[in-house]
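Undergrad: Work out the full structure, taking the sequences as your base and the hints as a guide.
Chain by chain, the residues:
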Amino acid sequence: MSIRLLKAVLMKIGFWALVALLVCYAVFPFYYAVITSLKPSSALFQIDYWINHVDLSNYAAVLSQSSFVQSIWNSILVAFCVVGISLTLGLTAAYALGRVRFRGRGAVLMIVLGVSMFPQVAVLSGLFEVIRTLNLYNTPWGLVLSYTIFTLPFTVWILTTFMRQLPGELEEAAIMDGATPWVTLVHVFMPLMWPAMATTGLLAFIAAWNEFLFALTFTLTDSQRTVPVGIALISGGSQYELPWGMIMAASVIVTVPLVVLVIIFQRRIVSGLTAGAVKG
Amino acid sequence: MAKLVLDKVNKRFGNAHIIRDVSLEIENGEFVVFVGPSGCGKSTLLRLIAGLESISGGELNIAGRRVNELAPRERGVGMVFQSYALYPHMTVYENIAFGLKLAKADKHSVRERVEQTARILQLETLLDRKPKALSGGQRQRVAMGRAMAREPDILLFDEPLSNLDASLRVQMRNEIARLHDRLGSTVVYVTHDQIEAMTLADKIVVLNGGIVEQVGSPRELYEHPRSRFVAGFIGSPRMNFLPVTLTAPDRHDSVVSSPHLGKLTLPIDTQGLEAGLPLTLGIRPEHIVLDDGAETTHQLPVANMEFLGNEAYVYLEVAGAEELLVCRTEATTPWRSGQSVTARIITASAHLFNADGHALQRQVRDQAAA
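For the protein sequence lines, the chains are A and B, in the order given. Following this note's numbering, the numbering of the first sequence begins with 4 at its first residue and continues without gaps. Following this note's numbering, the numbering of the second sequence begins with 22 at its first residue and continues without gaps.
Hints listed in this document are in silico derivations from the structure and should not be mistaken for laboratory results. All C-beta atoms, glycine included, are put in the ideal place defined by N, C-alpha and C. Please note: incorrect hints may appear among the correct ones.
[Stated by the list, open to error] Pair ranges (Cβ atoms, derived):
| id | chain 1 | residue 1 | chain 2 | residue 2 | range |
| --- | --- | --- | --- | --- | --- |
| 1 | A | Trp185 | B | Ser59 | 32 to 38 Å |
| 2 | A | Gly117 | B | Ser188 | 54 to 60 Å |
| 3 | A | Trp19 | B | Ser59 | 50 to 56 Å |
[What the hints assert, rightly or not] The following residues of chain B were derived to be distant from chain A, with all beta-carbon distances above 10 Å:
| id | residue |
| --- | --- |
| 4 | Val26 |
| 5 | Asn31 |
| 6 | Ala71 |
| 7 | His110 |
| 8 | Arg140 |
| 9 | Leu204 |
| 10 | Lys224 |
| 11 | Ala269 |
| 12 | Val310 |
| 13 | Pro322 |
| 14 | Gly330 |
TA: So, in structure tokens, the structure goes:
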């Protein structure tokens, strides 16, 4: 009996030890970034795992750079536009691909998936030409265009999968009620697709928010940059100094909106997933 | 006035020919039930009428107007789906009002129509609820309300009761029947349950493999099935079929013989058929009388007895036949399994089918019809 009890206790301890290990693994880099950002630059290379006093000088320094603040606004504009366009196009595409029977539907889906497999670098030069031709170089719209190319495939795929799970009789009921496909999509399907839209919207937002390569290539001036590039280009007092404190402070500032968004939408994501049931 | 006429309607999906030359006339105010085994095309036929599937050939007329090419809403039909398909994010009120709003009715008349519909279906107290907060029967009523709200000429039901439990099904069956009496609209109703068909229908359409087997009132189908398929499909427990041989063809008194039942003289027209022809005898369970008949040689062993409270079914073993012979008897029947009995057939109620499954003309109009 006591051996059994011991075994149970050990199993429990082992389980929580494993959980602690995983949490450490996942959270430590971010934790260390926060810690570093709160240290004065003089204390930067003392290795501490706990902060004794909070020093906000790095944050003040970062936010006093007008180019960095501008890059936050650019990022917000680009990310929201990308999410809006991806969801609108993704939803309408998902209706066609998930609900309308037509020849070549599978082929279209495979092509959509195939496009997303190219590495960014492969399309960089071609896309550069496109953006130059469209006169979008060094504007946020050039970034919106190029990010949408990469967010659309997974948006379309996730929304199509979700759309297919909605009962077909629901659409037929709407047809019997005299709804056009557009009305069916907006008034019947969209309210049921919120969880999927929140998930895909969030993923698209994160992708657009954190993208670096295109942002670096398609923008030239400080006033048009987005945050990942802005952070990378933060420079210290001399070329021999890398201002880690400021970089970390900037990183924390740009990560906070993502965390807030996830917290806002997570309840929606979870609660909405089961609300679409027709029977039962 | 909404007479529904199908003229040689066909439906093909690729190579599969689902509906073959179905011609039907459904009068205004009639309650018509499509019944048949699964895969017989009854739901497809309903969807053709609704406009959810396109018609491959033939013509569909509603109120004298060809509607083949019209969209569902232009046909003046309302439909109740098997899964109800209520919009889960809308309240009962919004569910019923959805079609009216889309038809651009003004707010006031929408409210009036919804409230009137809710009153008929006793949904007034539930108008603010979401479908997930409703019971099965209530959802069913909301689905009916949604179909009725736009006052369609024809109401279509696609197996509407199959998701309900047995007692609720009987209750909803009654409600649908009463609703039809009150509204007087034309109803087309699909079911695989022949009891639903018998109890609800003015006219039953039996479908088999995309073909109309027989159209008629429940009584007609029960008493004068035109084929072995209809005879076996309508009625529960189903009709017994026994192989017999025609010994003396006649216009009124045909004699057939069976190794198990002996010689039988049946009031069925077998004129023009050859003696010795193998036929199938069809006899309903209530048309077999059992006695101990010690004097006869044709005795059958009792395989099983089912007591149902108000009646009992006695199953007899017939050598060489796959199925047991079912007899409906009084609940107080003394027979138990292992005993041997003589089965006497009420010949006036017997049916004969030829090798193709077609019924031979019975010469006796039934007691009920007389």
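Undergrad: None of the hints should be skipped; say for each whether it holds.
TA: Here's how the hints hold up against the structure:
One distance hint, 32 to 38 Å for the beta-carbon pair Trp185/A and Ser59/B, holds here, with the actual separation near 35 Å. Hint check: Gly117/A to Ser188/B, Cβ distance near 55 Å, so the stated range 54 to 60 Å holds. Under the hint 50 to 56 Å, the C-beta atoms of Trp19/A and Ser59/B, about 54 Å apart, fit the expected range. With a least beta-carbon separation of about 21 Å from chain A, Val26/B lies farther than 10 Å from that chain, consistent with its non-interface assignment.
For Asn31/B, the shortest C-beta to C-beta distance to chain A comes to about 20 Å, beyond the 10 Å cut-off, and the non-interface label holds. At roughly 7 Å from the closest C-beta of chain A, the C-beta of Ala71/B falls inside 10 Å, breaking its exclusion from the interface. Listed as a non-interface residue, His110/B fails to keep its Cβ farther than 10 Å from every Cβ of chain A; the least gap is roughly 4 Å. For Arg140/B, the condition that its CB be more than 10 Å from all CB atoms of chain A holds, with the nearest at approximately 21 Å.
The Cβ of Leu204/B sits about 18 Å from the closest Cβ of chain A, beyond the 10 Å cut-off, so the non-interface label holds. Here Lys224/B stays apart from chain A, with its beta-carbon at least about 24 Å from theirs, past the 10 Å limit. In this structure Ala269/B is separated from chain A by more than 10 Å, as the shortest Cβ-Cβ distance comes to about 57 Å. The beta carbon of Val310/B sits about 46 Å from the closest Cβ of chain A, which is more than 10 Å, so the claim that it is off the interface holds.
Once the 10 Å rule is applied to beta carbons, Pro322/B is consistent with being away from chain A; the minimum gap is 46 Å. Listed as outside the interface, Gly330/B is consistent with that label: its C-beta sits roughly 33 Å from the nearest C-beta of chain A, beyond the 10 Å cut-off.
Comparing the model with each earlier hint shows violations of hints 6 and 7; every other hint is respected.
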